[in-house]
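Student: So the protein lines, in turn, are chains A and B. Here the numbering used here is used: the first residue of the first sequence is 15, the next is one more, and so on. Here the numbering used here is used: the first residue of the second sequence is 12, the next is one more, and so on.
Keep in mind the hints are simulated off the structure, nothing from the lab. Ideal Cβ placement from N, Cα and C applies to all residues, glycine included. Be aware that one or more of the hints could be misleading.
[What the hints assert, rightly or not] Partial list, computed: chain B residues near chain A (C-beta under 7 Å):
#	residue
1	35
2	69
3	87
[As the list claims (entries may be wrong)] Some but not every residue of chain A turned toward chain B, in silico, with C-beta under 10 Å:
#	residue
4	53
5	56
6	84
7	160
8	165
9	183
10	192
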Amino acid sequence: MWNEQGTVGSDRSQTFAEVVEPEIEVMLRVAYSLTSRHADAEDLVQEALLRAYRALDRFDGRHPRAWLLTILRRTHLNMQRRTRPDLVDDWSVLQGHRPAFGAATTASSEQTYLDATLPTQLVRALRELDPRFRAAVLLVDVHDLSYAEAAAVLGVPVGTVMSRLSRARDRLRRRLGPDVLTQGGSS
Amino acid sequence: MKQSLRQMLECRWSARHVQRYLDADPSASLTPQEVQRLEEHLDVCARCTQVVQEHRALHHALTLTLGPTSLPDEDAVDRLRRFVAGLDEEGPPS
Ligand SMILES: [Zn+2]
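Just chain B, with the same shape it has in the complex (with noise of 0.2 Å):
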């Protein structure tokens, strides 16, 4: 009883930090104590390990499908660099 209520809020504090610890953005990354505790609750929870493998598999998809349309092309990144490169000419803006 006591250690199924334990494990239910370490599962609740993990659903809570598991974004940031997938993302590992530098303006909102976990401490070091905070990777350790998620880690060690994803060691022994299969329901919260199941949680990261399926938003690691959220984002392969999302990169996989939509991905190569968003490269950008070549061509048009040259005529903005020569954009960029021409603004010289044009003399200092008012």
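If we strip away everything but chain A, and leave its shape as in the complex, we get (with noise of 0.2 Å):
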């Protein structure tokens, strides 16, 4: 559909630059859940794409970011089994979290309950998570995923990714407790 064959240079290109260009930032950050180092992640972003543009023949047109999230997460495996499997964890961004208290991005309603005690607990009990349910909920809650990408990540279904975040979710929950999570904030 985006190139017949025989098409040269610019306009395969730019068609293809069109797709993908408002898909890097999601790309980036969900690369950077799947690597361990910010410059890994660019890496696998730039991998990504050039297989990208070499398949973009087989491209339908449909779901731009679901089909490049599918590239990102084929790629990735291709990059382990050539590096250190042991050392990509789909969490890692975590091993270098810094919360973000007094952020910009943090509203003063939400202040009042985000205590300084509830990152902490709540990172703990991410890295307490089996690591397929910590994945769903990181791309899902923290990279602002849908269901349907979230799974072209993961590699599984649509369906698959609602029962671990249902689990993933329920098991946090539970760990931090109702006294952690809406502190102070009874309505």
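Got two chains here, each in a separate frame; can you build the complex from them with the hints?
Tutor: As structure tokens, this is what we get:
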């Protein structure tokens, strides 16, 4: 659909740029959670973009984000095999994370319950989760992906994303408890 | 007795639908009737309301705690944009 055989150069790359440009940020965000270092994330996205460019003829033009995230996942798997699989973890984003206290994004009403203990306990609770559950929650709650997009990244059906998400959230909720989660926030 | 059994069934039904209600994801959205049924139950059930509040609080906590680190750095986005633009010069791929 995007490219007739024999079409050369600029048409093709212009089409590609139009499809891909709006998705670069989300690809990078997802890549951060797939790799342990920011530089690796950028390499991963670049490699995935190159593969996507080569595979453009096979893209049907629908759901570009899901298409690109699927390629990102496959590229990641491939790179993992080449490097050190033990290093790569979907949640490495947590390890170097700094809670954003006082960040401009923190609304004042939310500050009331976001007590200093919550981020620590939350990170600990996430660490204890099964990696598959953790990945689902990071992709949907933190990276704001849709079920279908998370399914593309994880290479599983949408229903699996939903059940992992549900179990992950229930565990986190129980682990943190109502007092920590909604302290002082009764209505 | 009858009342509490009905209540219990509604709580169970709500528990199964609350995630789809809160996420409102396009690939698994509730029907308007289901939304109405859930909201009517939440109006009368403190326990399910508490569960919904905890889910919301958890989502906010995840976003606020981890969100900023996942912001893509603009330089990286720029470099990748230039990479995409540069694909042109390689000519058609094999
Ligand atoms: Zn209930």
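Student: All the hints need checking, so say for each whether the structure fits it.
Tutor: Here is what the structure says about each hint:
1. 35: Violated. Min distance 10 Å.
2. 69: holds (6 Å)
3. 87: holds (5 Å)
4. 53: holds (9 Å)
5. 56: Holds, about 5 Å.
6. 84: violated (15 Å)
7. 160: Holds. Min distance 6 Å.
8. 165: holds (8 Å)
9. 183: This hint holds: residue 183(A) lies near chain B, its Cβ roughly 6 Å from the closest one there, short of 10 Å.
10. 192: At about 6 Å, which falls below the 10 Å cut-off, the nearest Cβ of chain B leaves the hint on residue 192(A) intact, so it holds.
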